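**Student:** Which chain is which? The protein sequence lines are L and W, in order.
Going by the working numbering, the first sequence wraps up at 275, each residue one higher than the last.
Going by the working numbering, the second sequence wraps up at 306, each residue one higher than the last.
The hints are simulated quantities; they were obtained by calculation from the structure and are not laboratory data.
Quantities reported herein were computed from a predicted structural model and do not represent experimental measurements.
Treat the hints with care, as some may be off.
From the structure, some residues in chain W lie toward chain L, with a derived Cβ separation under 7 Å [as the list claims (entries may be wrong)]: (1) D15; (2) N45; (3) T46; (4) Q51; (5) I52; (6) G55; (7) M56; (8) A58; (9) G59; (10) L60; (11) R63; (12) M65; (13) Y90; (14) P94; (15) Q149.
Beyond 10 Å from chain W on every Cβ pair, some chain L residues (computed) [claimed, not checked]: (16) R15; (17) L19; (18) M55; (19) Y108; (20) G112; (21) S114; (22) A131; (23) E134; (24) R135; (25) G183; (26) L202; (27) E221; (28) N225; (29) Y246; (30) K264; (31) E272.
Note that CB positions come from ideal geometry on N, CA and C, so glycine has one too.
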Amino acid sequence: MSETLSNVFDAGAARRRCLTYRRRILDISQQVGALHIAPAFSCTEIVDVVYNGLMRWDGEDTPDVILMSKGHGCMIQYVILEEKGILLREDLDLYCKPGGRLGAHPDYGVPGISASTGSLGHGMGLATGMAYGERLQDRDGQIYLVLSDGECQEGSTWEGAMMAGNLALENLIAFVDLNDFSGLERMSEGHPAFHPVIDKFLSFGWEGVEVNGHSADEIHEAVMNREGGKPLVVVSKTVKGKGVSYMEHVPIWHYRAPSPEEYKQACDELVEISA
Amino acid sequence: MRNKFADVFYDLGKDDPKLCIVVADISPAGSIAKFRTDFPDRFVNTGVAEQIMIGMCAGLAQRGMRPFAYTIATFTLYRPFEFVRDDLCYQNLPVTIVGIGGGVTYSTLGGTHHAQEDIAIATALPNMSVIAPCDPSEAETVTRWCATQTRGPVYLRLGKAGEPDLTLDAAEPWEFGKLRYLTKGDDVCILSYGPIMKKAFEVAERYRAAGQSVSLISAASVKPFDDEGAVAGLKRHKKMVVIEETAPVGSLGLKIKALAYEAGATCDVSSFCLQDEFMHHYGNHDELLAAHGLETGAIATALGLD
Numbered sequence: 001m002s003e004t005l006s007n008v009f010d011a012g013a014a015r016r017r018c019l020t021y022r023r024r025i026l027d028i029s030q031q032v033g034a035l036h037i038a039p040a041f042s043c044t045e046i047v048d049v050v051y052n053g054l055m056r057w058d059g060e061d062t063p064d065v066i067l068m069s070k071g072h073g074c075m076i077q078y079v080i081l082e083e084k085g086i087l088l089r090e091d092l093d094l095y096c097k098p099g100g101r102l103g104a105h106p107d108y109g110v111p112g113i114s115a116s117t118g119s120l121g122h123g124m125g126l127a128t129g130m131a132y133g134e135r136l137q138d139r140d141g142q143i144y145l146v147l148s149d150g151e152c153q154e155g156s157t158w159e160g161a162m163m164a165g166n167l168a169l170e171n172l173i174a175f176v177d178l179n180d181f182s183g184l185e186r187m188s189e190g191h192p193a194f195h196p197v198i199d200k201f202l203s204f205g206w207e208g209v210e211v212n213g214h215s216a217d218e219i220h221e222a223v224m225n226r227e228g229g230k231p232l233v234v235v236s237k238t239v240k241g242k243g244v245s246y247m248e249h250v251p252i253w254h255y256r257a258p259s260p261e262e263y264k265q266a267c268d269e270l271v272e273i274s275a
Numbered sequence: 001m002r003n004k005f006a007d008v009f010y011d012l013g014k015d016d017p018k019l020c021i022v023v024a025d026i027s028p029a030g031s032i033a034k035f036r037t038d039f040p041d042r043f044v045n046t047g048v049a050e051q052i053m054i055g056m057c058a059g060l061a062q063r064g065m066r067p068f069a070y071t072i073a074t075f076t077l078y079r080p081f082e083f084v085r086d087d088l089c090y091q092n093l094p095v096t097i098v099g100i101g102g103g104v105t106y107s108t109l110g111g112t113h114h115a116q117e118d119i120a121i122a123t124a125l126p127n128m129s130v131i132a133p134c135d136p137s138e139a140e141t142v143t144r145w146c147a148t149q150t151r152g153p154v155y156l157r158l159g160k161a162g163e164p165d166l167t168l169d170a171a172e173p174w175e176f177g178k179l180r181y182l183t184k185g186d187d188v189c190i191l192s193y194g195p196i197m198k199k200a201f202e203v204a205e206r207y208r209a210a211g212q213s214v215s216l217i218s219a220a221s222v223k224p225f226d227d228e229g230a231v232a233g234l235k236r237h238k239k240m241v242v243i244e245e246t247a248p249v250g251s252l253g254l255k256i257k258a259l260a261y262e263a264g265a266t267c268d269v270s271s272f273c274l275q276d277e278f279m280h281h282y283g284n285h286d287e288l289l290a291a292h293g294l295e296t297g298a299i300a301t302a303l304g305l306d
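Using the sequences and the accompanying hints, generate a full structural model.
**Tutor:** What follows is the structure, encoded as structure tokens:
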């Protein structure tokens, strides 16, 4: 087992990886009519840190789990799994096409995919069960859960959060991709009582920290510096569509694929991203 | 039946560290209470939170455990329906959902506690197996099967407590996916499942008193259903009677009639089930069933057995 869990995290390498991942997603956007670019761009750094800074890897095997509860963000998982050789280039070429096995939401049974999501509010329950299953079997698998802020409106998320707190599931680490957009509107405008979200987790017995969700080293440090003994939530402030100016904070990019001209502009912009 | 389930679960769980039970604020009966005391880590109470009960079971199964979800039938399927569908069925995980009090067993608690559509809802789900034993003895056999199977999710529909043993002298053992002949006759075939089987026995007695030779079948394996066995039964007998404690939509009665039509069987088929309505009635279980028309005398009359 190669233990990659350490305090050493190369922030520069993470920035370079995240640029590559975003460009790869943009490439795929030219193959299909619709895909979830902006939701993937908002959690790119979070997912990168989990795969490349937190999960322990032995070749393609890991005792840990990443569960993409915001299933619509799975493009970032696909491109990372491709990089790791767990998914093949042909898989991504056939994304959302007949004969392919990758859809716009992740599907359990596909290599590297830990749960079928897409319907929001399921991840917290699944992850709570997984984390408790590790404890029951005396294993130390870490369950990394990526939540959207919108799905924190689902009651089931809080049923799970309360139970994870009850069970003091230290091996459950949740990231809230706080991009402030649900499908219809800005969360902060439509549901101001949603904020501050971290307090709600804290009141259910979690440890919590707020970070800049586009700063990979800040995310990594938050996990490394945890006190422990409780489930951890990393409330990560993000920008939906991060990295492409015309996508940032613009709801239509939840689904839309860019035209060839828009694609070119996006590629031109994706040479450097500030956290 | 509930107590037999609990005894068997304890018996299996004490030797199998993968077995665990997740309940949603239901007081554990009989041996489940003992399981909680002896193996507290493998007894989880999510509180009044059925979505997480199902979700946790899925996650536990995905990490190698063999979980049972356990509460009143309505709350195992209706409240957390999409979690049953997506987490268990879509992902095809070997989790057993134990629904206590299927049908109108909770006869004094009102419509919120009547699982009268549970068979239709559970059988509609791809990958879901549905098993409804008719007595404690059959409940024991199917519980042992549930605890070791790797096929996928199961809805195990149980009664409550106090059901008589009906199958101790059965002609055939229970087998998953097969109809089970409890007695074999030549003229009339009565097919039933679940605790209402006792009425099937009573109707069978009426037929015998009228000089008919009667087969009694337990269709505890509601899904997958033994289509082939049912067609053979339709061809073997002159008359088939289906008695079941479920709503008409999605009932086995309709399925048997469809099978008879497709097979070109000439067998006459009569079916009896709950009404397609919410009954604002209270009383004991038999009284609720009678309100739905499921009373032995009424069934016998409808079958011309008076």
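**Student:** Compare the structure with each hint and give your call.
**Tutor:** Evaluated hints:
With a least beta-carbon distance of about 16 Å to chain L, the hint placing D15(W) at the interface is violated under the 7 Å criterion. Proximity of N45(W) to chain L is violated relative to the hint, the smallest CB-CB distance being about 9 Å (cut-off 7 Å). Taking 7 Å as the C-beta contact cut-off toward chain L, the hint placing T46(W) at the interface holds, the least distance being around 6 Å. Hint status for Q51(W): holds, given a least beta-carbon distance of 4 Å to chain L, under 7 Å.
Interface hint status for I52(W): upheld, as the beta-carbon distance to the closest one in chain L is roughly 4 Å, under 7 Å. Given the 7 Å rule on beta carbons, the hint for G55(W) holds: about 2 Å separates it from the nearest Cβ of chain L. The criterion of a C-beta within 7 Å of any C-beta in chain L is met by M56(W), whose closest approach is roughly 4 Å, and the hint holds. The beta carbon of A58(W) comes within 6 Å of a beta carbon in chain L, closer than 7 Å, and the hint placing it at the interface holds.
With a least beta-carbon distance of about 2 Å to chain L, the hint placing G59(W) at the interface is held under the 7 Å criterion. Given hint, L60(W) at the interface with chain L, holds; its Cβ is 4 Å from that chain's nearest Cβ, closer than 7 Å. Because the beta carbon of R63(W) sits about 3 Å from the nearest beta carbon in chain L, less than 7 Å, this interface hint is met. A cut of 7 Å between beta carbons decides the hint on M65(W): the least distance to chain L is about 5 Å, and the hint holds.
For Y90(W), the suggested interface contact is upheld, since its CB lies about 5 Å from the closest CB of chain L, less than 7 Å. A least Cβ separation of about 13 Å between P94(W) and chain L goes past the 7 Å threshold, and the interface hint is therefore violated. Restraint check, Q149(W) versus chain L: the minimum CB separation of about 19 Å is more than 7 Å; hint violated. Separation of R15(L) from chain W is adequate, the least Cβ-Cβ distance of about 33 Å exceeding the 10 Å criterion.
The non-interface label for L19(L) is consistent with chain W: the shortest C-beta to C-beta separation is roughly 33 Å, beyond 10 Å. Interface exclusion of M55(L) from chain W stands, the closest Cβ pair being 15 Å apart, more than 10 Å. For Y108(L), the shortest C-beta to C-beta distance to chain W comes to about 4 Å, within the 10 Å cut-off, and the non-interface label is violated. Its beta-carbon lying about 14 Å from the closest one in chain W, G112(L) satisfies the requirement of being farther than 10 Å from that chain.
Taking the minimum C-beta to C-beta distance to chain W, about 7 Å, the non-interface status of S114(L) is violated against the 10 Å cut. The non-interface label for A131(L) is inconsistent with chain W: the shortest C-beta to C-beta separation is roughly 8 Å, within 10 Å. Some Cβ of chain W comes within 10 Å of the Cβ of E134(L); the nearest lies about 6 Å off, and the non-interface call is violated. The claim that R135(L) is not at the interface with chain W is violated, since a C-beta of that chain comes within 10 Å of its own (minimum 8 Å).
Every C-beta of chain W lies more than 10 Å from that of G183(L), the closest at about 18 Å, which supports listing it as non-interface. The beta carbon of L202(L) is kept farther than 10 Å from every beta carbon of chain W, the shortest such distance being approximately 19 Å. Once the 10 Å rule is applied to beta carbons, E221(L) is consistent with being away from chain W; the minimum gap is 28 Å. The claim that N225(L) lies off the interface holds: its Cβ sits roughly 27 Å from the closest Cβ of chain W, which is beyond the 10 Å cut-off.
Every C-beta of chain W lies more than 10 Å from that of Y246(L), the closest at about 34 Å, which supports listing it as non-interface. Taking the minimum C-beta to C-beta distance to chain W, about 39 Å, the non-interface status of K264(L) holds against the 10 Å cut. No Cβ of chain W approaches the Cβ of E272(L) within 10 Å, the least distance being about 39 Å, so the stated non-interface status holds.
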